[in-house]
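With the sequences and hints as input, model every part of the structure.
Residue numbers (numbering that gives the first Met the number 0), protein chains in the order written: chain A, 0 to 432; chain B, 0 to 485.
Incorrect hints may have been included.
[As the list claims (entries may be wrong)] Restraint ranges, calculated between C-beta atoms of paired labels, are given here:
1) 301/A with 20/B: 16 to 24 Å
2) 202/A with 20/B: 34 to 42 Å
3) 302/B with 266/A: 53 to 61 Å
4) 46/A with 74/B: 29 to 37 Å
[Unchecked claim] Under the rule of at most 27 Å between Cα atoms (straight-line distance), these lysine-lysine pairs were calculated in the DSSO-like manner:
5) 145/B with 433/B
6) 145/B with 389/A
7) 314/A with 45/B
Hints in this document: simulated from the structure, not taken from any laboratory.
Positions of the beta carbon are idealized from the N, C-alpha and C atoms, including for glycine.
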Amino acid sequence: MIDRLQTPRNRELVNLLVVALLVVTGFGAVFIARENAVSTTSLTYAAFFIGLYLIAHVVLRIALPRADPYLLPLAALLAAIGEVEIYRINPDLARDQGVWIIVGLIVFTVIVFAFRDIRKLEALKYTCGAAAVILLAATMVLGTEVNGARLWIRIGGYQIQPGEFAKVLLVVFIAGYLRENREVLERPSRRVLGVGIPAMRHLMPLLAMWGMALLLLVAVNDFGSSLLYFSILIAMLYIATGRMLYVLGGIAAFVLGALAAVQVAPHVQDRIDVWLNPWATPRTTGYQIVQSLYSIADGGIFGTGFGRGFVMVGKQTVIPDAQTDFIFSVIATETGLAGAAGLLLVYLAFVYRGMKIASMADDGFTKLLAAGLSFAIGFQAFVIVAGVTKLLPLTGITLPFVSYGGSSIVANFGLLALLLCVSERVNREGAGA
Amino acid sequence: MNGRITRLYRGLALAFVALILMTTYWQVWAAPSLEARQDNPRLVYKELSIKRGRIISADGVTLATNTARRANGRTIYFRRYPRGGDTAAIVGYSSVQASRAGVERSRNDYLTGANTDLAGGVQRLLDTVQGETVQGNDVILSLNLKAQRIAMRELRATGHRGAVVAVEPSTGRILVMASIPTYDPNDVDTHFGAVLARPGAPLLNRVTQGLYPPGSTFKIVTASAALESGKFTPDSEFKGGTCVKTQGPRLCNASGEVAPDPSTLADSLVHSYNTTFAQVGQKLGQDALIEQMQKFGFFSPIPIDYPRDQMATSGIYTRPGKLAQPDGRVDVARVAIGQAGLLATPLQMALVTASIANRGVMMEPRVTDKILSPSGRTIQTFGNQEMGRPVSPQTAATLSEIMQRVVDEGTGTAAQIGDLPVAGKTGTAQTGRKDSAGRPLSDAWFVAFAPVSAPKVAIAVVVEDSTGFGGTVAAPVARDVLDELL
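Written out as structure tokens, the structure is:
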């Protein structure tokens, strides 16, 4: 009886209820700090989000009953933390973000129903690859420059960040491509100086991706995306072939490319100088990172509490772009080391569930797909958090599910849907169906 | 492939451990040093979340208080100055934009409750731990607001820049500290650029920072040196005439006045004959004169509970901003009449006058009387400090008598207040500047104390760049302020 109740979806429901509690508490805390009272509006917000995720839950009950019960609650938790902090910064932005989450969950639903049989996606690998290239090329050509990086395309009144969608499409493409060419890449017939080198026609797509990542770095000044795409490629190559040659060669190629980029584009060197010593220019180029570090430090171990950190000066955030690139610093201020480390562990848990799905997958494509998607989320979170904590040079990239931004939210809910589709297939076969 | 997936996951997990370690480093290890950095805006914010104590005049009027606003879920406090520009010189300001000035700066520790009083410290700690607003202590000034407002009004009425300072001779308490032009301290946070750009340097406190040639008011110092030397008495006689020879150009009386031959020292002070005091200076020599100046506090910063960087030191200046060494060569005849690079602040001349009034005992000036806790308990009372004894009681009494004659029959008759005995000295110091009509401009001075028998107030008034005399421009201002204070 008890065993029968412990279906994946019932577990998911319990997990979502825990998240719901956190959402109510979070919004309540911000409201208390703001108005000295819990208003019905705060509970409306919380109820709205709980309702949304319950709908997503019902969608999964219908479409993917056996899919992983932790991924949706983890993503919901991340989005809720983000939404609470964005609300704390500016209620208008939070309303926009709420709309994006609705759009994200619509896309989520569409994908869940469209790719209940995830293998259908494999046929679309070249379409995905082409779409990714077109999106990135369009950004380079049509993009408007924001903060020195050309990451945005303006369509109507909206700004779209195509790189976020390109990320998911690239993973699909690489998974499909590697599944086809795995053997050739793993055990090349040709040997040069005793080292197996695959034929050029098999290597070409990989070299093309490498070139594109470098182009992003130099032409668009987008170190973050460049590093992310490159790392996804290397990680998936490693899983597919197990050859350290690709890993080391890839890293060496990226470093060489980056060194060349420093020669060609001085702004890359500036970025590195700021990273090494932001206090040399605390009011200009070093301002953001210095303010970020002050914010993080201010949180201490337990933080100031939601809504009580030094985040705003009048209507302005203390750290520019606090709601997008620096949302982690704001969370670190208000929830302290406990909250910041907790947030990082949530990502790690998400990646863990994703990697587990990958391990259990029985065909090359879904395995690579699940691993690639999970890695993408984990590594993207790593790159931006490393940037705002000065572990790595700062790059403008969103914190998945948490940062303010429609493209990021929609793309990552799409990514979540794909992971759940893989999980459904894995669990159905594991159950012997 | 599963082994590789596990290894990739472990690699990523390791990267996340690095992130947690990095975050721990900033939040735990580096936090104290980051918090203390001057460019960290949280310092200002933390100060703003302290409810600063009020600043209250001696007659019980609040001159600085707070308005509360909510920000980041906490109450923060911005300063409000109900009396605006009238008390700006003494109260100063406390701002986010431009730090602090005046008593807001010099008594900041008390105003923020950071003073080391044990009970206060414990209360502050409890407040901080409980997340309560830390409340500062109230500072009670020695300032008399009514007299202060009269001083500001009368100074404004002259149409010139200037300063008035009134001191209680027996205690050193500053009763009036007025400087024109002034600024509204409520504007400092919002329009600091505009405040800075206004003509006449309104942020300059002319009482403590304004350096003016003291002109004939300095003859009190010269006369003190003469009497203290024992070589001269009030009846000592000097050659009269219009001009005398000096080591520089000839030195003449104001408006070409002819001093009787002979003139006594006393009569010469009453009528302010330059010719006599040039001779006194030359006969005394510069060492005796400068020694007397040092006894009155020239050449060193005046000790006072007011920000040191808003104080100027009086003395002989070789060029702007460069105080001469006391043992350097000076034009002693001209120094003796308050010229030749000699510059003094109104506060300095008020202290000279106050020590004559106080039988030769110079009291350390102060602007604050006591500190009250938020509940109204007196935490600290500031006592009277003796600064020195520049002249003997005998010399002080003699000078008092002569200075009373200045007001009764000499150059300072405009300062008479009914039957009340007032002692004073005028000064009209040439500035070398001319007005648009080509008339020479002078800094008009008047220093005084009253009542002569038991002085309650000593005062110094300066009116800048006036075409009148100390006796006609500055003395009436002094009279009105004295009238209010007595």
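These are the hints, each one checked on the structure:
1. Here the CB-CB span from residue 301/A to residue 20/B is close to 18 Å, well matched to the stated 16 to 24 Å.
2. Hint check: residue 202/A to residue 20/B, Cβ distance near 38 Å, so the stated range 34 to 42 Å holds.
3. At roughly 56 Å, the beta carbons of residue 302/B and residue 266/A sit within the given window of 53 to 61 Å.
4. Checked against the given bound of 29 to 37 Å, the beta carbons of residue 46/A and residue 74/B, roughly 30 Å apart, stay inside it.
5. Taking the CA atoms of residue 145/B and residue 433/B, the gap is near 35 Å; set against the 27 Å cutoff, the hint is violated.
6. Taken as a hint, the residue 145/B and residue 389/A pair is broken in the structure, with Cα atoms around 59 Å apart against an allowance of 27 Å.
7. Note on residue 314/A and residue 45/B: the hinted pairing holds, with a Cα-Cα distance of about 19 Å set against a maximum of 27 Å.
Hint check: violations occur at hints 5 and 6; the rest are consistent with the structure.
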